[in-house]
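Student: Respectively, the protein sequence lines represent chains F, H and C.
Take the first sequence: its position 121, counting from 1, is numbered 121 in my numbering, and each next residue is one higher.
Take the second sequence: its position 134, counting from 1, is numbered 134 in my numbering, and each next residue is one higher.
Take the third sequence: its position 80, counting from 1, is numbered 80 in my numbering, and each next residue is one higher.
Hints in this document: simulated from the structure, not taken from any laboratory.
Given the structure is predicted, the values throughout are model-derived calculations rather than measurements.
Check before you lean on any hint, since a few could be wrong.
No distinction is drawn between identical chains; accordingly, a pair holds when it is met within one copy or between any pair of copies.
In silico DMTMM-like cross-links for lysine to aspartate or glutamate, where the CA-CA straight-line distance does not exceed 20 Å [as the list claims (entries may be wrong)]: (1) Lys154 / Asp142; (2) Lys154 / Asp171; (3) Lys53 / Glu133; (4) Lys46 / Asp142; (5) Lys46 / Glu102; (6) Lys114 / Glu39; (7) Lys46 / Glu133.
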Amino acid sequence: MSCPLVTLLLGGARSGKSRYAESLVTAEAPPWTYIATAEPFDNEMKARIEAHKARRTAGWRSFEAPRGLAQTLQRAPSLQPLLIDCLTLWLSNILLGDLDLEAQIAALEEALAKRQASTVLVANEVGLGIVPENALARRFRDEAGWLNQRLAAKAGRVIFMVAGMPMIVKDRQQ
Amino acid sequence: MSCPLVTLLLGGARSGKSRYAESLVTAEAPPWTYIATAEPFDNEMKARIEAHKARRTAGWRSFEAPRGLAQTLQRAPSLQPLLIDCLTLWLSNILLGDLDLEAQIAALEEALAKRQASTVLVANEVGLGIVPENALARRFRDEAGWLNQRLAAKAGRVIFMVAGMPMIVKDRQQ
Amino acid sequence: MSCPLVTLLLGGARSGKSRYAESLVTAEAPPWTYIATAEPFDNEMKARIEAHKARRTAGWRSFEAPRGLAQTLQRAPSLQPLLIDCLTLWLSNILLGDLDLEAQIAALEEALAKRQASTVLVANEVGLGIVPENALARRFRDEAGWLNQRLAAKAGRVIFMVAGMPMIVKDRQQ
Chain F
1 MSCPLVTLLL GGARSGKSRY AESLVTAEAP PWTYIATAEP FDNEMKARIE
51 AHKARRTAGW RSFEAPRGLA QTLQRAPSLQ PLLIDCLTLW LSNILLGDLD
101 LEAQIAALEE ALAKRQASTV LVANEVGLGI VPENALARRF RDEAGWLNQR
151 LAAKAGRVIF MVAGMPMIVK DRQQ
Chain H
1 MSCPLVTLLL GGARSGKSRY AESLVTAEAP PWTYIATAEP FDNEMKARIE
51 AHKARRTAGW RSFEAPRGLA QTLQRAPSLQ PLLIDCLTLW LSNILLGDLD
101 LEAQIAALEE ALAKRQASTV LVANEVGLGI VPENALARRF RDEAGWLNQR
151 LAAKAGRVIF MVAGMPMIVK DRQQ
Chain C
1 MSCPLVTLLL GGARSGKSRY AESLVTAEAP PWTYIATAEP FDNEMKARIE
51 AHKARRTAGW RSFEAPRGLA QTLQRAPSLQ PLLIDCLTLW LSNILLGDLD
101 LEAQIAALEE ALAKRQASTV LVANEVGLGI VPENALARRF RDEAGWLNQR
151 LAAKAGRVIF MVAGMPMIVK DRQQ
């Protein structure tokens, strides 16, 4: 099961992932679908969500899916360009909610395989620092890396962002 | 306002940024200008500064600009190759000194746009690990990432260093 | 002293380094040699070692070298493809064991230069996060970065892994 229309956009914190992902989607004709996975549980997160919203103008239809991502994705218009921002926050919500991660990922992959238009997934690369002392952080780091590998293997395109600039890791969409 | 003569050299700790940056500058005819932003406030930093100095031989003229970077840059010879090492330490000095970051960055950009010779900027990529627990570290990580994005957008060339080897992210100097 | 047959495979945690390294080695004719540097001192590490072992099928001959890596490498068949997984764990063992790091690295380089078949070295990139607060972690990060630079300079090929996908950093084997 591959997902040729899927682009996985990886990068560190403040590497310009969201902005570049939006530019990929809006390069196509509207309407565009946006699925946000963030939950505004503190002021830092609220401010970030508002900044992202302010950047998205008319033409976007937005959904919030902090957990039920596969279901939301299946209800979204399959023939319109779509952006999920971001998978790593969603993973964090799944782990904190103690949900069945494998079932959630399998459902997400199934929904992605049904997409019939460009689908951009934003995810964080979190494994390039020193091993965290905290066991939960280590587990999160492991699961985030495995999720990225799993989706990268199926995606038609994988991009690594450096300072707002895309580096092409894999491209079968050309 | 773009800075076609500017090369932004990004990389992690001990990725060989300084050495490679020096090689880019010294590939051109001397004299070369070096602007250091480090302050020798502890022994670790003193040792690092000395090691960097020992590597730079005749042909270099050095300035220290832990904070007033734009002013130092404007006083440096505009027609000679120049290296700033590094922007991330400078950012840290600005944040710790509680100076007006936006004004400082705007002045730096203005000085960079006036350069008429090769200008290499070294900066750290610090956003590829787990989210820091410390709020100040998170803010520093955010500001460092935004500064890198902002300069990368204007630079003629962006290079990502991996184990002493350059990966070209953007090149409009060719 | 260069090591044209050596491939240095760098990447973060859970970036698919081991799996890709194994695929490079097993693309050649067996038998293959595997040198593990991990010590199973806790359950997390034991589980990881077992998962790696389960993946390697017939055709592999395995050695364990948590410290005496150069000696083990010299005893391994020089004409057969070989994988060392991983150098960063070995570095950690050398530092924790308070052994002479420079002598160990020099012996490793000498053994690598004698190799007459494909030799894949796996290593972690750990320098792309925030500066660690812990001085020992900073030293480990420095030494890991320097070791990677030193081996990258001599290797015929350097690859940076992102989500299980290879990005070519240097290639003199083509």
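Student: Hint by hint, say whether it matches the structure.
Tutor: Evaluation of the provided hints:
With identical chains, the CA atoms of lysine 154 and aspartate 142 are at most 20 Å apart within one copy only, with a shortest distance of 19 Å there and 31 Å across copies. Only within a single protomer do lysine 154 and aspartate 171 lie at most 20 Å apart by alpha-carbon distance; the minimum there is 11 Å, versus 26 Å between protomers. Neither within a single protomer nor between protomers do lysine 53 and glutamate 133 lie at most 20 Å apart by alpha-carbon distance, with minima of 35 Å and 26 Å respectively. For a Cα distance limit of 20 Å, the shortest separation of lysine 46 from aspartate 142 across copies, 15 Å, qualifies, whereas the shortest one inside one copy, 27 Å, does not.
Proximity of lysine 46 and glutamate 102 under a CA criterion of 20 Å is satisfied in neither setting, with 29 Å inside one chain copy and 22 Å between copies. In the homo-oligomer, the alpha carbons of lysine 114 and glutamate 39 never lie at most 20 Å apart, since the shortest distance is 26 Å inside one protomer and 44 Å across protomers. Only between protomers do lysine 46 and glutamate 133 lie at most 20 Å apart by alpha-carbon distance; the minimum there is 18 Å, versus 28 Å within a single protomer.
Violated hints, listed in ascending order, are 3, 5, 6; each of the other numbered hints is respected by the structure.
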